[in-house]
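Top line first, the protein sequences correspond to chains A and B. According to the working numbering, the first sequence is numbered sequentially starting from 1. According to the working numbering, the second sequence is numbered sequentially starting from 1.
Think of the hints as simulated: they come from the structure by calculation, not from any bench. It is possible that some hints are incorrect.
Between beta-carbon pairs, the in silico distance windows are [what the hints assert, rightly or not]: (1) B:P77 x A:S106: 27 to 33 Å; (2) A:G40 x B:T118: 46 to 52 Å; (3) B:D30 x A:A14: 29 to 35 Å.
Some chain B residues flagged as far from chain A (calculated, every beta-carbon gap over 12 Å) [as the list claims (entries may be wrong)]: (4) S17; (5) S66; (6) G78.
Positions of the beta carbon are idealized from the N, C-alpha and C atoms, including for glycine.
There are 2 protein chains.
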Amino acid sequence: MLQQEPISLELACAALSELWSPRVVGQVNDQYIKVAKIQGEFPWHQHDQEDEMFFVLRGQLRIGRSDADGGPVFVRPGEFFVVPRGVRHNTSATEETWIALIETVSTLHTGTEQTPFTRSIEEQLAPNR
Amino acid sequence: MLQQEPISLELACAALSELWSPRVVGQVNDQYIKVAKIQGEFPWHQHDQEDEMFFVLRGQLRIGRSDADGGPVFVRPGEFFVVPRGVRHNTSATEETWIALIETVSTLHTGTEQTPFTRSIEEQLAPNR
């Protein structure tokens with residue numbers, strides 16, 4: 001994925017029409033850069049081998065974790081938080097929230113869980129979602 | 001590097017006292033997340049094995065490339081650009097510019113060039129720069 005021009009995360013996010021459907025907008029080494037619009041709650045899952053970075057553009061992201069893992073984290077615009085591999089988590093937002101993500105290219109959207117929210121990598125690479 | 005709290009890229013950058021001295025603020029998989037303040041011009045160099053992602057927080061980043069590689073690129077706040085491995089490049093900014101970078105943990109600051117700007121990974125991990 002050779003990038004020709006600078007890409008605005010905000011504009012890339014604005015172009016999304018569907019909630020909870022990440023779109024790949026770039027790649028650095030073995031990591032995809034993605035954007036997503038979210039509102040409501042995403043199923044609990046984990047990635048055994050891969051960390052996941054969340055960067056908030058608009059709104060507020062709640063990352064749920066068990067009490068043993070430190071409990072929920074709230075991420076605001078301009079802030080990032082990395083969920084380490086192996087940590088069970090979910091994401092939610094009460095208002096429409098725009099986020100960027102950095103994930104290993106092999107990361108599965110909902111970890112080992114198959115849910116109605118699950119999007120394949122092919123879907124995440126498709127234009128016009 | 002286990003992250004305890006969300007981190008604001010803007011505040012992390014504001015805390016830097018020295019130009020051209022990246023500070024590691026996070027890690028996702030085998031990639032470091034760094035912030036830097038820059039102004040003026042950084043030496044030409046390349047990374048043969050590693051892509052480098054630049055995200056601009058404030059100001060304007062100019063990424064110089066040879067004409068054969070497409071020439072210079074200008075990156076504005078909220079935009080990112082990935083310089084692919086093997087592409088000779090330099091970075092410059094006419095005004096003070098705040099950036100975040102994502103680079104493989106093994107990436108050398110000035111590639112194969114040793115310059116007065118070169119900072120070791122240990123220096124980039126040190127607090128209070």
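To see whether the hints hold, each was checked on the structure:
A beta carbon spacing of about 31 Å between P77 (chain B) and S106 (chain A) agrees with the range 27 to 33 Å that was offered as a hint. Between G40 (chain A) and T118 (chain B), the C-beta spacing of about 48 Å keeps the proposed range 46 to 52 Å intact. At roughly 31 Å, the beta carbons of D30 (chain B) and A14 (chain A) sit within the given window of 29 to 35 Å. Even its closest Cβ contact with chain A, about 21 Å, leaves S17 (chain B) beyond 12 Å, as expected for a residue assigned away from the interface.
At roughly 15 Å, the least C-beta separation between S66 (chain B) and chain A is larger than 12 Å, which holds for a residue marked as non-interface. Distance check on G78 (chain B): its Cβ comes as close as 5 Å (rounded) to a Cβ of chain A, failing to clear the 12 Å threshold; non-interface status is violated.
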